[in-house]
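2 protein chains.
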Amino acid sequence: MEDIGPPLDAETKVTERPHDHKDELRLWLRLFTTKTVIESEIRRRLRDRFDTTLPRFDLMAQLDKSPSGMTLGELSQRLMVSNGNITGLVDRLVVQGLVDRRAAPNDRRSQLVTLTAEGRRTFRAMASAHEDWVADIFADLSAAELETLMRLLAKAKASAHKSMNTGTDK
Amino acid sequence: MEDIGPPLDAETKVTERPHDHKDELRLWLRLFTTKTVIESEIRRRLRDRFDTTLPRFDLMAQLDKSPSGMTLGELSQRLMVSNGNITGLVDRLVVQGLVDRRAAPNDRRSQLVTLTAEGRRTFRAMASAHEDWVADIFADLSAAELETLMRLLAKAKASAHKSMNTGTDK
DNA sequence: CCTATAAATTTTAGGCTTAAAGTATTTTTT
DNA sequence: AAAAAATACTTTAAGCCTAAAATTTATAGG
Numbered sequence: 027m028e029d030i031g032p033p034l035d036a037e038t039k040v041t042e043r044p045h046d047h048k049d050e051l052r053l054w055l056r057l058f059t060t061k062t063v064i065e066s067e068i069r070r071r072l073r074d075r076f077d078t079t080l081p082r083f084d085l086m087a088q089l090d091k092s093p094s095g096m097t098l099g100e101l102s103q104r105l106m107v108s109n110g111n112i113t114g115l116v117d118r119l120v121v122q123g124l125v126d127r128r129a130a131p132n133d134r135r136s137q138l139v140t141l142t143a144e145g146r147r148t149f150r151a152m153a154s155a156h157e158d159w160v161a162d163i164f165a166d167l168s169a170a171e172l173e174t175l176m177r178l179l180a181k182a183k184a185s186a187h188k189s190m191n192t193g194t195d196k
Numbered sequence: 027m028e029d030i031g032p033p034l035d036a037e038t039k040v041t042e043r044p045h046d047h048k049d050e051l052r053l054w055l056r057l058f059t060t061k062t063v064i065e066s067e068i069r070r071r072l073r074d075r076f077d078t079t080l081p082r083f084d085l086m087a088q089l090d091k092s093p094s095g096m097t098l099g100e101l102s103q104r105l106m107v108s109n110g111n112i113t114g115l116v117d118r119l120v121v122q123g124l125v126d127r128r129a130a131p132n133d134r135r136s137q138l139v140t141l142t143a144e145g146r147r148t149f150r151a152m153a154s155a156h157e158d159w160v161a162d163i164f165a166d167l168s169a170a171e172l173e174t175l176m177r178l179l180a181k182a183k184a185s186a187h188k189s190m191n192t193g194t195d196k
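Chains as they are written, first to last, in the numbering used here: chain A, 27 to 196; chain B, 27 to 196.
To be clear, the hints were calculated from the coordinates, so they are not data collected in a lab.
One thing to keep in mind: the hints can contain errors.
[Unchecked claim] Computed cross-link-like contacts, DSS-like style, restricted to lysine-lysine with a CA-CA straight-line distance of at most 25 Å:
(1) A:K188 to A:K91
(2) B:K48 to A:K183
(3) A:K183 to B:K181
(4) A:K183 to A:K91
(5) A:K48 to B:K91
(6) A:K181 to B:K48
(7) B:K183 to A:K48
[Stated by the list, open to error] Here are a few chain B residues that face chain A, going by a calculated C-beta distance under 8 Å:
(8) L53
(9) V121
(10) E144
(11) L175
(12) L178
Here the structure is a predicted model, which is why all the values come from computation and not from measurement.
Beta carbons are placed, not taken as given, at the ideal position from N, Cα and C, and that holds for glycine.
From just these sequences and the hints, can you work out the full model?
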């Protein structure tokens, strides 16, 4: 039998005897490693077959969905990365001739970024291969399992967001 | 009606008419963003409350589990990062006085890395807070949902590993 | 013993990333 | 209109990360 120690009063019980959170920790570790394994495979393929990187691919994917172009600020928000990061990423894509950067019509602070014709052609080829890679990576999961994962990950993300606002110490 | 084009022989059918893989793509995107959201929150808390980074925390976690120390090569494998990366991380932790680096007994090529007394004390405090953060982040998921996620992520990881070895073009 | 190969680590060059400070422009307030 | 605040972006300093080349030490074969 388990020794539960001396009796505790009601107020201190929870903090004195927190149930352990090893399961959540294990889940977080597994989420982390699963993502790492998949991501490093995708990065490797992008590099080997298209001589590009995941951040550049992601940026181009956003632009492909916005034919009229996006500002650096919009890209920063969509890709969830800092402004300064986008500056450098766009710089390198401009050098490669895959995107264009031009002044926004009404605001001289802003710049509109668009795919060049070559950028669009290149992206479409990469996206097609990428879709196949991902399908291959998840090939062993049934449609029902995919759906369950989608739902639970959404729930996890929502839970995480909630804990950021109401969390122990922000 | 859809024009399915000329008849295809059995061998080429699958590759000529792949069903679309948008679901897998969406799942990958969700896995990615879920991990990003959680990870950036954890990084922020590690920085704000302990003035450290996730890679350093992860490295110290490995050392905490190996009281007799680990070589740089072992750390590299466990953390799934390159050798050169570990060199720099250990350098910075040595400067901070959190880890020690000493020659391995039987092989002058190797070095054994261990937590210092302060490193161990510091890590234990961080690990305890970290466990609480993660529990908080996943608070809205039931035990059954945690278990399902664990299982499906393991399956996804296994599927990914398989596709790396047998994949379209390695 | 000597040479070739392997293993452990470091170095190098380059890219990604952030937070914080700085610049230019626009909008709001007074 | 002038001053103040906000917005869009760039720069800076520092850390993380990789692949590939280089260095040092160990091991194996002759």
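Hint check results:
{"no.": "1", "hint": "A:K188 to A:K91", "verdict": "violated (29 Å)"}
{"no.": "2", "hint": "B:K48 to A:K183", "verdict": "holds (20 Å)"}
{"no.": "3", "hint": "A:K183 to B:K181", "verdict": "holds (20 Å)"}
{"no.": "4", "hint": "A:K183 to A:K91", "verdict": "holds (24 Å)"}
{"no.": "5", "hint": "A:K48 to B:K91", "verdict": "holds (15 Å)"}
{"no.": "6", "hint": "A:K181 to B:K48", "verdict": "holds (20 Å)"}
{"no.": "7", "hint": "B:K183 to A:K48", "verdict": "holds (20 Å)"}
{"no.": "8", "hint": "L53", "verdict": "holds (5 Å)"}
{"no.": "9", "hint": "V121", "verdict": "violated (26 Å)"}
{"no.": "10", "hint": "E144", "verdict": "violated (24 Å)"}
{"no.": "11", "hint": "L175", "verdict": "holds (5 Å)"}
{"no.": "12", "hint": "L178", "verdict": "holds (5 Å)"}
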